[in-house]
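J.: For reference, the chains in residue letters:
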Amino acid sequence: MTLSPQQVRKQVMDYLEATDCSIIETSPLHVTVKLSPRADQMLTDRPYYWGFVERTGVEPETLSFTFVFNPEQYDSQAEAALVPRSSGLGNPGLMRADTGNGIASKPVEIEAATEPGGIISAGSVGSPAPPGNPQDSILSRYFGVVPALPRIGPGMIRREDVIYGSKRLRQIWEAAREEGKCLYLFEDPGSRQRTTLFSAAYEPWLGVYYKVEMSCDLKREELHFMGISLVTGVITYEFGSKLSPLKLTPRLPENVHVQPLEMSVTAGAEQLEASLTARLAELDYSWAEEARERLRLELAIIDVYYEELLKEPDEEKRKEIEEQYARRRQETSWQYEPQIAVSAVTYGLFHLRKT
Amino acid sequence: MTQLFRNSLPAGASQPAPVLPVPLSFNRNWLQDLESKLDKGGPWGDWRLSQLAVQGEEAGLVSSFDELQCMKHLSGLSPLPHQIDTAHKVLFQMSGRAILADEVGLGKTIEAGLILKEYLVRGLVSKVLILVPASLVLQWVRELNAKFGISAIAQKKAYSWGNDIVVASLDTAKRDPHKEVLMNNEYDMLIIDEAHKLKNKKSTNYQFVQQLRKKYCLLLTATPVQNDLGELFNLITLLKPGQLGNQGDFATNFVVDKRQPKNEEQLRGELSKLMIRNRRGEGPVNFTKRKVRNIPLTLSEEEKRLYDGVTAFVKEQYQEAGGNLSSMLSLVTLQREVCSSRDAVFITLVNLIKKLPEDSPKRDRMMELLQTIRTVKANTKAEKTLSLIREMNEKVIVFTEYRATQEYLLQYFREGGLQCVTYSGGMNRGKKDWMMDLFRGRAQVMIATEAGGEGINLQFCHHMINFDLPWNPMRVEQRIGRVHRLGQQNDVIIYNLSTQGTIEEHILHLLHEKINMFEMVIGGLDVILEKFEKKESLEKSLYKIMLESQDEEQLRSGLNHIGESLSQLNTRIKKESETII
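Residue numbers (the working numbering), protein chains in the order written: chain A, 1 to 355; chain B, 1 to 581.
Rather than coming from a laboratory, the hints here were simulated on the basis of the structure. Not one of these hints is a red herring.
Below, simulated EDC-like cross-link-like pairs (lysine to aspartate or glutamate); rule was C-alpha separation at most 16 angstroms, straight line:
(1) A:Lys211 <-> A:Glu222
(2) A:Lys311 <-> A:Glu322
(3) A:Lys10 <-> B:Glu58
(4) B:Lys201 <-> A:Glu320
(5) A:Lys219 <-> B:Asp66
(6) A:Lys247 <-> B:Asp46
Some chain B residues well away from chain A (every beta-carbon gap over 10 angstroms; in silico):
(7) Glu302
(8) Gln371
(9) Glu394
Don't be surprised by glycine CBs; every beta carbon is placed ideally from N, CA and C.
Model the full assembly from the supplied sequences, consistent with the hints where possible.
T.: Rendered as structure tokens:
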């Protein structure tokens, strides 16, 4: 699965909004944002700076970025917008018609004004010849000052291309997981519940989003979002679809009561694991058989090879060969031995209205 | 946490756990985290972020055992079909242990990057060690970061080894105290560039790599067999001992003589399980042609006088020094510079004079030469170059060996109304990149003194002018390699300027006619030179001939001799590599 620029944009915007970053401007192709302290700490890799802020108590200065989701279109719009400007025909109305996008014309101006010498950005690849002002002579550029370092620091807006596969996107996902993995939520009953006479019964569920990694010398993964009612012990494999129509809130809503647990969280986890194991048992394991076959073959070759060498009469040398032999066998098992590892991506307690 | 349960669930609810045919392990760290937060009452995660993390997992999910995932994680890089095929084969047929033996210029680094990326994406690899020649460390780091988004770092200090993905020089890594650290580590993947340095199994290189603990392993080399088949056997033993039997089996089954294999069919079959060798001219990788135009020029009278003056002076000095070559290098330079520009000669002469004692008799001789320089008003080569450039009216790169010539040409071309940029080895990385961008953008001409090193890729330009020629063929090849590489759409036209009746004419003859180097397949040259230079470097041999020959005739026969042995080596190597792999 890969993500389109729109999908990436949606996810990045979700993150920025969830972490209270202040969006300076945005278009379908980009967003310029001043990070919140919380996001800055997660994304900019400045532990010393944040250590300094913490110790001295100064007002933190967070960094700003322009994240570009569709670099190609963004650049070509920038270029298109430059032509009428430099030839003195700069007509905002016309430009909007050209680009077909009213919001985009503004960032383009900013881009051209702040970064005439080309943008050095860590994440961006390609499009190395940004449009410059064709009027300045080659000489002035030749003798000009080269910005040798990426522009960074308060006041500077650094451009970065954020696309599927870019480091920044991976980092955002990791940051999201770090701050969002462990949950304690309630179903939002809506405003009517407040005025209802009877308090609603809420059932606590343990929900775990499992990642199953099946690996040998190759690898395949599966995701399972499972939930177990800690009251009834009912297990669902489709916990995600159970949650998706609901609105969830971190606060205990008014006029509801949570049913007491019939089962500890640990017991629930054990049930989930047992149930997942049963599910996994139904899978096709020919991949593991094939991997073991490969392993057998490799080991046989190694055995034959070293059998000859181990006839070495010299004690010292033979010891060395034995070590090598053991190492090689171990490496091979490490490479091919099939195994399954299960870990949790997110997890938590969900209190849902009893049905 | 302690809780009271009013009644426990019936025990029958949990069925006996089924046994899986594969060891299964549950990571339960999450449960501890959840319980400790329940005890403390938080802090709890944000539901939106949680969903985002899940979407991230879904987007990166490896849903199939046998399908390359890395491509969708790469942007701005479009690997060639043979590179993707190679990655595919290494993963799914070779289980991640392979020799990548493409011919030079087909992108072994890209292939290794793809394979590494794939394993990283699949989460099968996290700890990686990449061992390369010291001069390539930074290039590897840069490429992995820029092209593949892999956070590799260059090993600088002892603590660098702690990083997940480290690029280091093999020579550093195999020495203490580094060796000790590496031996105690386990590497999910080991990549070795220029792996022919491991051909000798008694060498420290070889033993060091053999002892490293590694899961997947890639050996990169353009010349898996340099001298004899035993080298290939050693490489394979490093990767998968026993794959070709033991040394004795291998010798009886596959080797007739050091260089000549037998049962070729079978050997090739066995090798294909371990080694991938893509060749030029095969499949979709087609290099455009190289077209050579030699442009003979006649020196003006003044220039000729200067040339003769310098030549005579250099020879005299050589005889005075009693044929000692090492003390003569600056004079040899002088001799070569006089074929380039008077500016270059001038600077070297002045520097030489400064070093002489006040009363040296040589001083007068050199002052005389300086006077001769004064008489030279025009540069025949530069004039010709300017008119060539105007004629072709396309982007062109002009190579010269000397900074002084570069400065002069810059001045001269600008006066002639051309837009030029310069490029030289002394520039820092940022400036180099900038110059390249300018050249790509609006400048018509790039005047470069440096062709070696990394990162100048000028596929968008297909004219190059050798304003003067290096005497080391590898440097000529590096020059051509800047424009004639993957991605070049047009035939590359190489202009060689040579002034008649000078040493330059002979050198050009040697390079062009004898080794046919301007048109030859890239990559053959280094092998030929390595063999030729077992005794003495080609450059040095040329100097000797130049300095010692009494007349034209002697010079010609000396050069002819070198030419012959080079072309013999060329045919022999070609034949060998065809039979073996």
